[in-house]
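Chains as they are written, first to last, in this note's numbering: chain A, 1 to 298; chain B, 1 to 298; chain C, 1 to 298; chain D, 1 to 298.
Bear in mind the hints are in silico, worked out from the structure with no lab data behind them.
For every residue, glycine included, the Cβ atom is placed at its ideal position computed from N, Cα and C.
Where hints are given, some of them may not hold.
Stated by the list, open to error - Listed next, the stretches of chain B that the computed footprint assigns to chain A, with coverage defined by at least 3 CB atoms under 8 Å from CB atoms of chain A:
| # | region |
| --- | --- |
| 1 | 125-138 |
| 2 | 272-286 |
What the hints assert, rightly or not - Calculated lysine to any residue pairs in the SDA-like style (CA-CA distance at most 20 Å, straight line):
| # | chain 1 | residue 1 | chain 2 | residue 2 |
| --- | --- | --- | --- | --- |
| 3 | C | Lys10 | B | Leu127 |
| 4 | D | Lys10 | D | Lys56 |
| 5 | C | Lys10 | B | Gly291 |
As the list claims (entries may be wrong) - FRET-style restraints, in silico, Cβ to Cβ:
| # | chain 1 | residue 1 | chain 2 | residue 2 | range |
| --- | --- | --- | --- | --- | --- |
| 6 | A | Gly112 | C | Glu146 | 54 to 60 Å |
| 7 | A | Lys99 | C | Arg103 | 15 to 21 Å |
| 8 | C | Gly112 | A | Val124 | 54 to 60 Å |
Below are the chains, spelled out letter by letter.
There are 4 protein chains.
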Amino acid sequence: MKIGFIGLGKMGGKMVERLLNQDHEVVAYNLTQKEIDDVSKKGAIPANSVKDLVDKLEGRKLVWLMVPAGKPVDENIDELLTLLDQGDIIVDGGNSFWKDSIRRGKKLKEKGIYYLDCGTSGGVWGLQNGYCLMYGGEKEPCDFAEPVFKSLAPENGYLRCGEVGSGHMVKMIHNGIEYGMMQAYAEGFEIMKNSPYNVDLEKVSRVWMQGSVVRSWLLELIGNALDGNENLDGIKDYVQDSGEGRWTVEAAMEFNVPAHVITSSLFTRFASRQESSFAMKLLAAMRNQFGGHEIKKD
Amino acid sequence: MKIGFIGLGKMGGKMVERLLNQDHEVVAYNLTQKEIDDVSKKGAIPANSVKDLVDKLEGRKLVWLMVPAGKPVDENIDELLTLLDQGDIIVDGGNSFWKDSIRRGKKLKEKGIYYLDCGTSGGVWGLQNGYCLMYGGEKEPCDFAEPVFKSLAPENGYLRCGEVGSGHMVKMIHNGIEYGMMQAYAEGFEIMKNSPYNVDLEKVSRVWMQGSVVRSWLLELIGNALDGNENLDGIKDYVQDSGEGRWTVEAAMEFNVPAHVITSSLFTRFASRQESSFAMKLLAAMRNQFGGHEIKKD
Amino acid sequence: MKIGFIGLGKMGGKMVERLLNQDHEVVAYNLTQKEIDDVSKKGAIPANSVKDLVDKLEGRKLVWLMVPAGKPVDENIDELLTLLDQGDIIVDGGNSFWKDSIRRGKKLKEKGIYYLDCGTSGGVWGLQNGYCLMYGGEKEPCDFAEPVFKSLAPENGYLRCGEVGSGHMVKMIHNGIEYGMMQAYAEGFEIMKNSPYNVDLEKVSRVWMQGSVVRSWLLELIGNALDGNENLDGIKDYVQDSGEGRWTVEAAMEFNVPAHVITSSLFTRFASRQESSFAMKLLAAMRNQFGGHEIKKD
Amino acid sequence: MKIGFIGLGKMGGKMVERLLNQDHEVVAYNLTQKEIDDVSKKGAIPANSVKDLVDKLEGRKLVWLMVPAGKPVDENIDELLTLLDQGDIIVDGGNSFWKDSIRRGKKLKEKGIYYLDCGTSGGVWGLQNGYCLMYGGEKEPCDFAEPVFKSLAPENGYLRCGEVGSGHMVKMIHNGIEYGMMQAYAEGFEIMKNSPYNVDLEKVSRVWMQGSVVRSWLLELIGNALDGNENLDGIKDYVQDSGEGRWTVEAAMEFNVPAHVITSSLFTRFASRQESSFAMKLLAAMRNQFGGHEIKKD
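Pulled out of the complex, with its shape left as it was, chain A reads as follows (with noise of 0.2 Å):
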């Protein structure tokens, strides 16, 4: 199948070439040039512009999106509309928010243009062993687009999940869980570090691999993590969030579901980029005033 792909990053480039690889045409589009003759090396067929990227596809039109969440994505979106005909479609394979893309299918739709919103789990790994992918949107655009969802992932690695809106709903709440499921292999491996044992993290990392209730690809990660660097030296106690995990305890709140686990687990991050807390330092200076408890100075 020949399709377009704007957005040639960390994932999209991988993405490309697992394409190429399983014999389909790509033409290949990104903000910047360096990216595109990277995937050109690999066969893909380069444009210069989005217009471009449009003139080099044939028939009915195919375009994935894989480009940052929130504005880049309404940007292209409003470009293509411009530039594809009725019937076409386009699939955004970024972690945009759930609600967003029912706003963009609705609007696409009334162009008679399909919008595909597709979640896409795998990370660095996806171009070895496939792309976890969950869609959303009309029946008839999913079954069209199905040779590119099928090489992208593994056996079975894709479903289509309903309307337009529940692919990235999915892909957000399997974030909130990945969260959750981080945090708690991290508490779990920091009381083990601070107990009276000098036990080998890296080694149970491992053996918890082998038949245990536990086990699971992060936890293959941790080992990983833990080879040869068991105190994580060099690596700063500083945790980014997406924007999935808010959206997903939003999403609690939204549906009414008590989400202790993931929220706590999105508040620890949180934590730990803040140089200093001001809820602590007021923890400290009532503790003084009721108390007389010795303050720290800062």
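Go by the hints and put chains B, C and D onto chain A.
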């Protein structure tokens, strides 16, 4: 190798079976006869008492305990103390509290008997997949017992974690992590369930197994649980805890580790078992007092 | 001072009464007649429509809205927009979302009308004790309205917090804190309730009011609630939330502040309202899958 | 009444002063001399040893201990055991663990000596406002000691909670609630601090004292802490915990009570004291492993 095995319950019976399959000789004892008969049919040598079991072993004796944590372990140890000789080995494969294991190790050491504390994970699937084993104790008796560990575990599935107590401590933390992971999945699936999309949760759990960041054995089990029963009809929202979650929280406090996720996961289980919450009644009463907010009648 | 007052519910009716007691003239309107009649008997001037209410005011007009958050506020504002003149003032004394207040303030500003957003605390006790008022808006109209704020509040009980939106934001956070405090008490009292001692909880709440660190008005209300009903019989463990807790969690996320306590307090309320928890069903199903643990039938 | 008082620290010294102000005779002892001299100047009878203290009492003796929890309490009790007579009374006014109090009560009971466990709240303000006292023990010795309790407490500020242990249990829960309340305020104030409005936090704390739902003594102290130092400059975000929070969490687990808020409040204190979090390092390492997300260098 010839070993004694006390406790043929849900876990113990299958472990004996796995040992027999791998050409060990097992002298087996249980408080009730039926389980002894069952494993005898599979090749175990039946014992009609702890004494009989010890009598039927030769040379340096190894006795594996697979009995409920607490009193049953102490009672068996007390009896074995009168029957075993210097250098013999007791393995406690159950979910004992790690500080109890330290205490027991010291007590047995005084009599020249070795105590190995072995955390065992794998549940009902262990017979087929092998049991993940994490154990503590002196190196020499651990080496002596290694053929047994090796046969029970999958390949690379056993680890000496350190001195006595370390095995059960590592297993305790394993279970604490398990609580957190389970809760992370549960929250995420409930949010999906309550979303406006009628997402097929089983299919989501299956697709996430293919290349996604959250793939794990627990997720596979979620797929099995949802298979043919997506609403989990007939299952009460009532969740037990086995003690190890609580001990993990205690350890977190002892070692000054924030453990929001593991602790919240424990507390949601407490809440699931409450017929009525006094705390929530008190909240309703307070809201009525200050704001005239309506109280639901009980 | 002569002011218009729209919304004579649980809060509004008593606020009008307090204003009348302090020699203000109040033109009062409500969607249903009974509440108008009630305040008229106490000295208010009845209005039979928003237009009638505005007509009965003179000079620079001040209209206080005390209607449910959301659509009712917007509808009243839209009607008032057609009736008020440049320089007139609308005070929104309800629990509006602070970002709505910013939006409304901008919209009214374009027409030369001032919008003051005023958070009002004090509940059913405000008539007697005064209402704690925290409001936002330009300084000049706030000064103009000060006699009204002063009469409604106890001594020193009103504060201009900043520009439009700040009043409702401060009130929102006030309520978030309220959630956390209530939950802290509720957890503590439930632990006492479940302890082996048959502690008289009402007496404890009373003694803590005398010199202890945890004395507060909420604690006084707990004493009242427990008075003669220590088991809170007849009160269902079902707790509503009014929206401000959720907004506080959203604000915490927007401003990158860890808010474990306020968020947990919100989630326990969600749980209190669930007839059955899918998350907990899923946990029970997982435990059954991996450990053969018994499931309670629903 | 004439009583003995051991322990003249931050709390004890002022308690002796309050007793002297109310015409009790106090024989006072402390490990270091300076504190004995200080209270002697205010009218206390100095003792140069525990034995000397007991010798200077007459008739039925009452000795109040105000020493650090743990070993100091046991050591004093052991010494007093050799000096006191049947029917004499020891009051432990410190923050002892309630199960230790049960143990001590039993031990002393065997010798015919009464042990009363008394939780004392009020901090540095107790001299002026009175100490809130919650105590446990047999009714008869509690009645005998009542004049002392009455003088230390504000009006209606003392309560016999039940049998031995109940006093310290109620005090422990008091402190657990205190943790939760403090954290609720701290989170709320930090959200305000990080908001786009430049809200005067001290003024907010002051206005909330007037008629709002969240008014409390702690809030008054917040106002004092922020007075003249709104950014809490010079105060490190480092918060100790005294043990009672941990015990409350343990009690919650023992009595199967979900205690999300109190526990989170404890964990944020743990986090405030960590120079670096292994858990957060591990999260950063995992994110790097699966998504190639950048790691901040330590």
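Would you list, in rising numerical order, the hints stated earlier that this structure does not obey?
2, 3 and 4
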